[in-house]
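Number of protein chains: 4
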Amino acid sequence: MQVTLLNYTPDPERTVAAAARLSTSKTSAAQLREKMSPEQVNRLLDHVISSGHLSTLEHVSFTFAIDGISRAASHQLVRHRLASYTQQSQRYVSFKSFAELSYITPSTIAARGFKGKFDEMVRSIHDLYRQMIEAGVPAEDARFILPNAIETKLVMTMNARELIHVCSLRLCQRAQWEIQALFAKVKEEVAKVAPRIAAEFEPKCYRMGYCDERESCGLFPTREGVGAKGRELSPKL
Amino acid sequence: MQVTLLNYTPDPERTVAAAARLSTSKTSAAQLREKMSPEQVNRLLDHVISSGHLSTLEHVSFTFAIDGISRAASHQLVRHRLASYTQQSQRYVSFKSFAELSYITPSTIAARGFKGKFDEMVRSIHDLYRQMIEAGVPAEDARFILPNAIETKLVMTMNARELIHVCSLRLCQRAQWEIQALFAKVKEEVAKVAPRIAAEFEPKCYRMGYCDERESCGLFPTREGVGAKGRELSPKL
Amino acid sequence: MQVTLLNYTPDPERTVAAAARLSTSKTSAAQLREKMSPEQVNRLLDHVISSGHLSTLEHVSFTFAIDGISRAASHQLVRHRLASYTQQSQRYVSFKSFAELSYITPSTIAARGFKGKFDEMVRSIHDLYRQMIEAGVPAEDARFILPNAIETKLVMTMNARELIHVCSLRLCQRAQWEIQALFAKVKEEVAKVAPRIAAEFEPKCYRMGYCDERESCGLFPTREGVGAKGRELSPKL
Amino acid sequence: MQVTLLNYTPDPERTVAAAARLSTSKTSAAQLREKMSPEQVNRLLDHVISSGHLSTLEHVSFTFAIDGISRAASHQLVRHRLASYTQQSQRYVSFKSFAELSYITPSTIAARGFKGKFDEMVRSIHDLYRQMIEAGVPAEDARFILPNAIETKLVMTMNARELIHVCSLRLCQRAQWEIQALFAKVKEEVAKVAPRIAAEFEPKCYRMGYCDERESCGLFPTREGVGAKGRELSPKL
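Residue numbers (our numbering), protein chains in the order written: chain A, 1 to 237; chain W, 1001 to 1237; chain Y, 2001 to 2237; chain D, 3001 to 3237.
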């Protein structure tokens, strides 16, 4: 899997800070952006994040080239709707030579001794796929035999607010391992250009102080484990 | 494939009409809804649709149980982001017996004489899948060998405006045949309870008067074919 | 202010439960919906909510007629983007007689002794508005003199997930009083037809166990006040 | 009114082209972006736009500082939901001195001889506003007397696809004059950095070849005026 930061809103942290400052200011955001000191930018970002008023983080976007994730993972990925995707099409791109057909083998498959059978099966599948293509079956139909393991490529654009949200779900140890690895790389890439924002890309439990999954991975106790929480502590509306 | 209208906003056409009337009225939508005659409802719906001011159509939603489409089709379907989906998970549901594993065979595969090989291959794939599951490979990893042809189930909710938009794309002859069939059934289901709205579920060319795909299916000429169009006819801004 | 539940997805709690059950089931959502007992419905709803996997709540929507909120409040309201609105237009509806022009007077204005001056000023404003309309100024321009206090009417549709989110912000004591009152009424209306869902309409602090506003209203201590929280407790990624 | 392009995705046209090329390619978007010639970029953009497959245009966003539009216009503006806004708050910013309170006077008001009365009325309104603030009425309540004409400031981010859509509506002669002027400036700003994209910012009639408003401004005939259209020409589904 390869994740490349293709593009992003330049000077993202200053942009967020200027927008945040605008809401309680009489000055144009254009001027605010110019005259804020780096310290003010940092202080405003801290405030934006700690207050949970995250909408100003939507003004900066990050665009990634994602290469080499399985169609199993891409099907999950595109369920996040506040984002833009362009995906390599299996309807219009066909893979006549086996060499062109990359695929992902989960480590548990190798660990249980199925690597050989798995590879062999993918090769047989490709062989039938190729025969069908050559016999005139359209690529969009021949691909019905292709497995979830086949690699795909995407371009994905998300704004910083949505990246924080998606990372809170997908950096969780309970997320599918491939999508977890994807967002770990997304975090690395963003950290190079917007470290303060990337620092907020973390599993939800870090923020909540407990785990709301059925079973905890061990990092945090479950909700019951942390004892009385908000809802139980307090008067109802 | 089976498409069942699970649920929908009751009295959808009257609801749209009441909202449409509100924007130029001094009366509450609650009263407007009560006192409009069926003729007024129809007239307002005609106006909403012919004027292209479609936002009032968002006030009514339709929820479908979709059973028996391929994962190839569902991956395409969920790319429509102004909708809500719940999908059967291949991470949490495993298919130990072959009888449980339904799949779709495109007609071109049978037509080219590959039905036997296709079925046989799916059976071999399932055999390896089952072995891996039994050896302790998690379902979320074993499924990497499962083909795009495997059936899935979803619950999908879309509002009427988005249904008109999606149908304009997916009822086109150039759309993948399975997703075309899906939205033909969606149209049938909605026609039973909101015929005026369902009448607007049609391919984009019906509305434009020309085809904007690379090649026309024959129903309408391409853009070039219809001769002078708006953009060429007229002064630029 | 009057909030009327105009319409909603019938049997909302059973619909959510059927969708939630589907994701780990081999049965169609259409059948699941039929055969679940009321206890199963309740148990599934509890699970959906406590796990924070709220997407199935999007399958049910609620449509409200909202009458008599100020344009100050409606401007805030429509900032929530995952919703559909139709609003009475000040461009197309003009108010020639003062009797037609309803407006909201905040209680603090009366409390500080400005009720008389406020009413008088609105009357003077209307007088100028009427003169301008009569002299041929278009309604869309004459309304520039109309104050934020003028009442407006809307139809609003939101799904249950978004209602939970918006209520978490707008039922907070720090929200503008009018929008707070609006969502208190929304909660009352939904409680009549979907009590289990409406029970989740509560300010964010109830769920978090602390207040993340600058200053607490007193119900919960601020983040610092509750001592060690998740982020500080734990190893960083 | 002042519209400043605060920020945007750099090299926007190459980014869109790389994404568009990806969908039918075996190469990573990261490489595609590097190796495409300017001619290829242009050709791909032409194809994206003429085919109506606009989703790749979502990968580039533009962020504007908007200063000096009326609250009447901003209320309309924020109805476009596929965008991000940060707005100067009348709840937290108060205007004690009249000099701080900018406002918009529509030209028709001056044209009909009401400029003097309008200015005088705004001054009286501000006088009451200031008295209320000084007497301890919170800014969020005192502003109920402030008129729609009062200026506001925003930061707005929209992607290129949504800008094309919004301009198709708001550059129409029938749109409110202020929001029309706003998007004319948006177009000017984008034209400086992405001229091929900005060329698509035009009223809907330019694309359709007819006007679908109640009455045409004269640029194009109404739907009926252009004679036989798609829907009438052709067989129904």
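It cannot be assumed that every hint is accurate.
[As the list claims (entries may be wrong)] Computed from the model, here is a short list of chain Y residues facing chain W with C-beta under 8 Å: (1) Thr2024; (2) Ala2111; (3) Thr2157.
It should be emphasised that the hints constitute simulated quantities derived from the structure, not laboratory data.
Note that the Cβ used here is the ideal one computed from N, Cα and C, for glycine as well.
> Failing hints, ascending?
Replying inline: 2
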